[in-house]
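**Q** Residue numbers (my numbering), protein chains in the order written: chain A, 304 to 657; chain B, 20 to 342.
Hints were generated in silico from the structure; no laboratory data involved. Hints are not guaranteed to be accurate.
Claimed, not checked - What follows is a set of in silico ranges between Cβ atoms, one per label pair, in the way DEER data are often shown: (1) A:Ala628 to B:Val142: 46 to 54 angstroms; (2) A:Asp629 to B:Ala292: 25 to 33 angstroms; (3) B:Lys297 to A:Val355: 48 to 56 angstroms; (4) A:Ala627 to B:Arg197: 51 to 59 angstroms; (5) B:Cys284 to A:Gln336: 44 to 52 angstroms; (6) A:Asp629 to B:Gln320: 31 to 39 angstroms; (7) B:Thr198 to A:Leu649: 41 to 49 angstroms.
Glycine included, each C-beta is placed from N, C-alpha and C at the ideal position.
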Amino acid sequence: MAQVLPAERDLRRVIGDVDGAGDREVEGVGEQQLLDIYRSLVRLRTYDERSVVYHRQGRIGTYAIYWNHEAMQAGAFHALDDEDWIFPSYRESAIGLLRGMPAETVLSWWRGHPAGWWNPEDYRLASICVPIATHVPHAAGLAWGKKLKGERACAIAFFGDGATSEGAFHEGANFAGVTGAPLILFCNNNGWAISTPVEAQTRAQTLADKAVGYGIPGLRVDGTDVLACYEATREAVTRARAGEGPTFIEAVSYRTAPHATADDPSAYIDLERVEQEKKRECVGRFEGYLTRAGILHPDLVASIRAEAADEMREGIKKAEAEPAADIELLFSNALVDPPASFGSDLDELRGTLG
Amino acid sequence: MAERSIVEAINDCFHVELERDASVMVMGEDVGRAGGVFRATAGLRDRFGPDRCFDTPLAEAGILGAAVGLCMAGWRPVCEMQYDAFSYPCLDQLITHVGRYRWRTGGKMEFPIVVRMPYGGGVRAPELHDDSPETYYVHTPGVKVAIPSTPADAKGLLAAAIRDPDPVVILEPKLHYRTAKGEVPEGEHIVPLGKARLAREGDDVSLVAYGSMVAVCEAVADALDDVSVEVLDIRSLKPLDEEALLATAAKTGRVVIVQEAPRTCGFAAELAAILAEKAMLDLRGPVLRVTGYDVPYPYWQIEDAYMPSPERVVAAVRRLLEF
Chain A
304 MAQVLPAERD
314 LRRVIGDVDG
324 AGDREVEGVG
334 EQQLLDIYRS
344 LVRLRTYDER
354 SVVYHRQGRI
364 GTYAIYWNHE
374 AMQAGAFHAL
384 DDEDWIFPSY
394 RESAIGLLRG
404 MPAETVLSWW
414 RGHPAGWWNP
424 EDYRLASICV
434 PIATHVPHAA
444 GLAWGKKLKG
454 ERACAIAFFG
464 DGATSEGAFH
474 EGANFAGVTG
484 APLILFCNNN
494 GWAISTPVEA
504 QTRAQTLADK
514 AVGYGIPGLR
524 VDGTDVLACY
534 EATREAVTRA
544 RAGEGPTFIE
554 AVSYRTAPHA
564 TADDPSAYID
574 LERVEQEKKR
584 ECVGRFEGYL
594 TRAGILHPDL
604 VASIRAEAAD
614 EMREGIKKAE
624 AEPAADIELL
634 FSNALVDPPA
644 SFGSDLDELR
654 GTLG
Chain B
20 MAERSIVEAI
30 NDCFHVELER
40 DASVMVMGED
50 VGRAGGVFRA
60 TAGLRDRFGP
70 DRCFDTPLAE
80 AGILGAAVGL
90 CMAGWRPVCE
100 MQYDAFSYPC
110 LDQLITHVGR
120 YRWRTGGKME
130 FPIVVRMPYG
140 GGVRAPELHD
150 DSPETYYVHT
160 PGVKVAIPST
170 PADAKGLLAA
180 AIRDPDPVVI
190 LEPKLHYRTA
200 KGEVPEGEHI
210 VPLGKARLAR
220 EGDDVSLVAY
230 GSMVAVCEAV
240 ADALDDVSVE
250 VLDIRSLKPL
260 DEEALLATAA
270 KTGRVVIVQE
280 APRTCGFAAE
290 LAAILAEKAM
300 LDLRGPVLRV
310 TGYDVPYPYW
320 QIEDAYMPSP
330 ERVVAAVRRL
340 LEF
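Start from the sequences and build out the full structure, keeping to the hints where you can.
**A** Quick look at the structure:
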């Protein structure tokens with residue numbers, strides 16, 4: 304039987320600007336890697352901020368904002384190897400950029416255009432999961448399946464605090480525990496599931512406590528501390544590769560943006576708290592850390608931001624230049640071997656469209 | 020050829036297919052150590068190991084969800100749902116992911132998942148061991164559905180499903196798991212999806228059914244000395260052999276569809292709609308349905324009254340002939 308460990312309830316931090324502990328270093332992480340992580344943070348931030356603008360301009364559809372969640376995504380990402388699989392929720396829609404996915408692909412997804420559909424194998428990145436937590440069993444199955452084949456890859460599933468109330472989360476986490484699947488369960492606890500606070504999701508004192516029930520380690524990190532997210536994920540990846548099974552990471556933050564562009568949180572959220580949290584947002588915190596360490600200077604910040612802005616300008620241009628989707632795509636791709644009715648339905652449709 | 024029961028034919032199919040393709044694996048509740056509650060997977064764990072005949076936790080949605088990930092890792096999972104009505108939790112995964120994932124990848128990734136389960140009533144079982152849920156599955160885009168009625172088809176359709184690149188759901192008539200016996204080809208045996216089976220040839224009236232209702236129709240064909248009855252076993256609900264359905268309607272001009280599931284929006288309604296659209300001038304009377312009722316499947320003391328009986332089918336045939 305797996306050893307039952309109490310979850311680690313104290314928030315792990317590396318960046319020492321909030322608890323007076325002072326900055327720490329993460330073992331084995333050099334200046335180049337720190338800058339790579341910073342670049343990823345900025346790319347994700349730029350994607351998000353530009354997407355909100357594009358939405359307001361009517362250039363993309365409804366968009367799930369992830370402002371101030373970049374530290375979780377970039378931190379966890381940099382602890383993975385290229386062969387490891389990522390299972391995103393809609394909150395991590397742009398994490399593929401870090402794997403080399405062009406910005407126009409993600410933008411096309413939010414534009415409801417077929418150029419936004421990709422082959423998961425190309426990026427070891429599953430499709431964006433829109434329903435809550437139902438991708439957790441997929442990640443468990445992938446991780447277990449890789450292990451059965453003797454492959455080295457592990458998987459990470461991103462989901463929110465609300466997802467931990469879903470049956471699919473439980474079934475996936477339990478499946479991974481039983482099979483010893485090399486899986487990282489990365490919970491983005493931003494305190495809110497649209498308007499429902501985490502206190503209304505669970506009576507558990509922390510979400511990490513849930514790990515105990517699966518016989519796996521659970522730990523908590525400051526979700527706006529990119530290095531804490533990185534370090535915790537790296538530990539989990541090491542465990543996974545050593546055959547020690549899944550790990551549950553609860554990354555804690557406070558949601559500072561609406562759930563999505565269609566949401567107005569002023570009806571339910573603590574706006575003063577939002578303003579406080581914005582002052583310690585994750586990109587600025589890491590900039591502070593790197594500046595104190597003498598690694599980052601204003602010119603470098605400006606050039607990294609400019610590169611990211613260019614990436615988005617190019618991305619939206621290409622996404623908007625995509626030709627209109629052909630209606631044939633209604634019938635393509637659902638089945639390898641489609642029934643004859645698809646052909647006659649398409650002919651009839653084309654006939655009525657003239 | 021050996022004479023086998025349906026459950027023996029399924030077991031035989033698994034032995035052949037797991038031997039043939041090392042990426043095929045079986046997973047479900049009690050499929051390993053016990054060999055399945057109906058013993059459909061008996062002997063697989065011993066022969067192929069506990070990873071390829073895997074006893075899962077009790078989690079139907081988790082089983083099917085894990086199967087999605089297993090496909091991404093290169094496996095061909097065959098998931099057993101222990102009973103028809105216990106499969107409902109897996110509808111979440113089936114509808115939200117299994118039927119959509121290939122489409123979502125722009126057709127780049129295949130999800131060769133098989134979901135199989137015993138279905139149907141008449142076995143004197145407790146509640147929720149008796150349902151006929153085929154419509155939920157047929158109505159889900161992106162999945163195929165087959166229901167065998169004979170041992171040879173049980174083996175052949177399962178083999179076709181395992182080799183199919185798309186997700187396939189197979190419902191097996193548990194009432195006839197051991198009572199229906201027939202010749203089953205040895206070794207590799209495939210019955211392609213999308214082809215109906217003409218179970219009886221006749222001239223006056225066509226009885227159209229699948230699964231356990233085929234036996235009811237055959238009993239009616241045997242019992243009616245004065246009526247020449249044709250019986251069409253649909254066996255592949257999606258894709259559907261529309262040609263065979265229209266051919267029998269054109270031949271006899273009279274069609275009675277027999278379905279164990281509740282009536283409203285059942286698969287019989289789909290078949291009747293196709294006949295209304297494409298066979299009106301061939302028909303000599305209305306398309307009739309003999310089905311279960313729009314009620315929860317009853318306690319077994321009165322389940323025989325729920326199940327479509329030969330007597331109800333005969334009454335429909337007489338009504339149609341007198342039209």
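**Q** Hint by hint, say whether it matches the structure.
**A** Tested hints:
1. A:Ala628 to B:Val142: 46 to 54 angstroms: holds, 49 angstroms
2. A:Asp629 to B:Ala292: 25 to 33 angstroms: holds, 29 angstroms
3. B:Lys297 to A:Val355: 48 to 56 angstroms: holds, 52 angstroms
4. A:Ala627 to B:Arg197: 51 to 59 angstroms: Given about 57 angstroms between the Cβ atoms, the range holds.
5. B:Cys284 to A:Gln336: 44 to 52 angstroms: Since B:Cys284 and A:Gln336 have Cβ atoms about 58 angstroms apart, the given range 44 to 52 angstroms is violated.
6. A:Asp629 to B:Gln320: 31 to 39 angstroms: Cβ of A:Asp629 to Cβ of B:Gln320: about 58 angstroms, so the range 31 to 39 angstroms is violated.
7. B:Thr198 to A:Leu649: 41 to 49 angstroms: Since the Cβ atoms of B:Thr198 and A:Leu649 sit about 45 angstroms apart, the hinted range of 41 to 49 angstroms holds.
In summary, the structure is inconsistent with hints 5 and 6 from the numbered list given earlier, while agreeing with the others.
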